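Sequence order for the protein chains is A and B. Heads up, the first sequence stops at 290 in the working numbering, and the numbers go up one at a time, no gaps. Heads up, the second sequence stops at 289 in the working numbering, and the numbers go up one at a time, no gaps.
In case anyone wonders, no lab produced these hints; they're calculated from the structure. Keep in mind it's a predicted model, so treat the numbers as computed, not measured. Worth double-checking, as some hints may not be accurate.
What the hints assert, rightly or not - Simulated DEER-style distance windows between Cβ atoms:
hint: 1; chain 1: A; residue 1: F178; chain 2: B; residue 2: F43; range: 51 to 59 Å
hint: 2; chain 1: B; residue 1: S22; chain 2: A; residue 2: W194; range: 23 to 31 Å
hint: 3; chain 1: B; residue 1: G87; chain 2: A; residue 2: L146; range: 46 to 54 Å
hint: 4; chain 1: A; residue 1: A185; chain 2: B; residue 2: F211; range: 39 to 47 Å
C-beta atoms are modelled at their ideal positions from N, C-alpha and C, and glycine is treated no differently.
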Amino acid sequence: MTAAITRARSTRARGRSQAYAIPSSIGGYVVTLLIAIPLLWIAFLSLKRSADILADPLSLSGLSLNNYIKVLGSLPLAQMYFNTIVIALVAVVVGAAVSYMLAFALTRMVFGRRRVRSAMTYYVLAGISIPVFILLFPVYRIDIALGIFGTYLALILPYTALTIPFTTLVFMGYLNDFPAELEEAAVIDGAGLWTVCVRVVLPLMRPVIATVFVLNTVFIFNEYAFASVLINDPNLYTISLAVSSLKGEYAIDYGGMMAAATLVLLPQLILYTIFQRQVIGGLTVGAVKG
Amino acid sequence: MTWLSSRWKIAVMVVPALLLFSVFIAYPVVYSLVFSFTRFNGFESPAFNGGANYATLFADKFFWRSLGNTAIIFVVTLVVLIPLAFGLALLMQRRIPAAGALRSLVFAPAIIAPILSGLIWIFILDPHVGLLNRILGQLGLPEPEWIGGNTLTPFSVSWVYVWSQLGFAMTIFYAGLQLLPAEVLEASEIDGANGIKRVWYVVVPMIRETFIIITVLMITGVFKVFEIVLVLTGGGPVHASETLVSYTYFITFSSQRYGLGMAGAVIVTVLGMIVGLAYLIVARRRQVA
Numbered sequence: 001m002t003a004a005i006t007r008a009r010s011t012r013a014r015g016r017s018q019a020y021a022i023p024s025s026i027g028g029y030v031v032t033l034l035i036a037i038p039l040l041w042i043a044f045l046s047l048k049r050s051a052d053i054l055a056d057p058l059s060l061s062g063l064s065l066n067n068y069i070k071v072l073g074s075l076p077l078a079q080m081y082f083n084t085i086v087i088a089l090v091a092v093v094v095g096a097a098v099s100y101m102l103a104f105a106l107t108r109m110v111f112g113r114r115r116v117r118s119a120m121t122y123y124v125l126a127g128i129s130i131p132v133f134i135l136l137f138p139v140y141r142i143d144i145a146l147g148i149f150g151t152y153l154a155l156i157l158p159y160t161a162l163t164i165p166f167t168t169l170v171f172m173g174y175l176n177d178f179p180a181e182l183e184e185a186a187v188i189d190g191a192g193l194w195t196v197c198v199r200v201v202l203p204l205m206r207p208v209i210a211t212v213f214v215l216n217t218v219f220i221f222n223e224y225a226f227a228s229v230l231i232n233d234p235n236l237y238t239i240s241l242a243v244s245s246l247k248g249e250y251a252i253d254y255g256g257m258m259a260a261a262t263l264v265l266l267p268q269l270i271l272y273t274i275f276q277r278q279v280i281g282g283l284t285v286g287a288v289k290g
Numbered sequence: 001m002t003w004l005s006s007r008w009k010i011a012v013m014v015v016p017a018l019l020l021f022s023v024f025i026a027y028p029v030v031y032s033l034v035f036s037f038t039r040f041n042g043f044e045s046p047a048f049n050g051g052a053n054y055a056t057l058f059a060d061k062f063f064w065r066s067l068g069n070t071a072i073i074f075v076v077t078l079v080v081l082i083p084l085a086f087g088l089a090l091l092m093q094r095r096i097p098a099a100g101a102l103r104s105l106v107f108a109p110a111i112i113a114p115i116l117s118g119l120i121w122i123f124i125l126d127p128h129v130g131l132l133n134r135i136l137g138q139l140g141l142p143e144p145e146w147i148g149g150n151t152l153t154p155f156s157v158s159w160v161y162v163w164s165q166l167g168f169a170m171t172i173f174y175a176g177l178q179l180l181p182a183e184v185l186e187a188s189e190i191d192g193a194n195g196i197k198r199v200w201y202v203v204v205p206m207i208r209e210t211f212i213i214i215t216v217l218m219i220t221g222v223f224k225v226f227e228i229v230l231v232l233t234g235g236g237p238v239h240a241s242e243t244l245v246s247y248t249y250f251i252t253f254s255s256q257r258y259g260l261g262m263a264g265a266v267i268v269t270v271l272g273m274i275v276g277l278a279y280l281i282v283a284r285r286r287q288v289a
């Protein structure tokens, strides 16, 4: 297989000097444009007055940034981004930390009874197939019972828990793939558990940690169902809640709605452009590996 | 490692994750399962009522409507999304200027929150203010009720799902194609009927596994379509465009029939699990091969 890939690469490198495939290029650009049209369209509408959107949306006259000025004055976007970033950051970091500890224990430590270890493994990994919708109502009740409903923790704790099964699976796969010699050497040198975990193994996990961070952050930024049930204080609104409120808030002010949507979309697209390699790699890694 | 593995050290390592998982995932699943067999409205204490909730759902025409709509999205995924993504991947691996930039643009909808995708598409699909009917009107063509009507709405929801997943599926196909020898790919570059035949008989069998993975990923996603419906139509008119998940959400949180909602959630979960199980079987066969 490796030989085949090398051969494929070399042939393709030679092919690069050849002329571009013109009909394919046109096709590729047309499809890409079609996919991008909805995004371009809301950016275009955001520059128009609501009355113009209803009367003649296709006209190019009367474009201005007024909608943005109005929306930035009325919608607390900074607060919503702050909320989302705090929740995502804590959940992703804590989720990765506890998953790493669990994955390390399950792959490296010696259990008195092996059956305990495999029971734990199956218990957590079964969580991968649980859809969030069955958890919504019970978690709402649990948040109230714990007295954290109405705080950041109401979302942070369930989000952290939701990242655990997949993150643990990815970490276990990675830890199983590389030999334990380095740690054994460190242990012989007198290193304790903390040193082995944090100083010896953790630095080697950097690429897979980056993947998990990207994946879980995208998930939390886009998550709506939990946020809609567990947050009812507008001061704690996340970005996806902000989006869902736009339809009501700007019910007849389409220009304002589009400007707000663009302001939510733009930072995401910019971040995506910067980290696209990691994002695409992260989201597709599970599917193409193997 | 043995002398670092005392019982309390293992406990310190595993307890935080297991505790969070148990409280926020395992316990809620059991909770939903138990309450799906009770009548519970949040005020009175829940009363055990056997399988009455499930019977109610199976007698509810809106429940069947939501199942039917989910089936429509399922079929559109198989018939439109997957072939389109594959065709696009074949196109994208040809010699196209700035192909990398095109690929990342096509992928972009996959990172947009589903709730935002729904909002964006209102302004394309809405019969009155949407771009699509404006263009059709200018051309003197009929202007169908893409959303809000009884017939087309589920298909429009499916299309927005296709739009949001296309780039993602294409990217996986593309990665799969990159692993094939260049000669195989060149076979697909001959245009016309001959080229299509070669793709079907030569390329498709060689990336069968990629096909299986994408199919399972996309189908699993079908059972999660929720936010798009919520923004685009609110499930209406009169629940005509609900999916299983959006209808369950409605029963639970809008009409506050919690027991009934839990029964709906259990059904969605079981259906999803059947697909997940199929994936595990496929993945295991892949390891053996």
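Here's how the hints hold up against the structure:
1. Look at A:F178 against B:F43: about 56 Å separates their beta carbons, and that is inside 51 to 59 Å.
2. The hint said 23 to 31 Å for the Cβ distance between B:S22 and A:W194, and at roughly 25 Å that hint holds.
3. For B:G87 and A:L146, the hinted distance range of 46 to 54 Å is satisfied, since their beta carbons lie about 50 Å from each other.
4. For the pair A:A185 and B:F211, the beta carbons lie near 44 Å from each other, so the given range of 39 to 47 Å is met.
Hint check: no violations occur; every hint is consistent with the structure.
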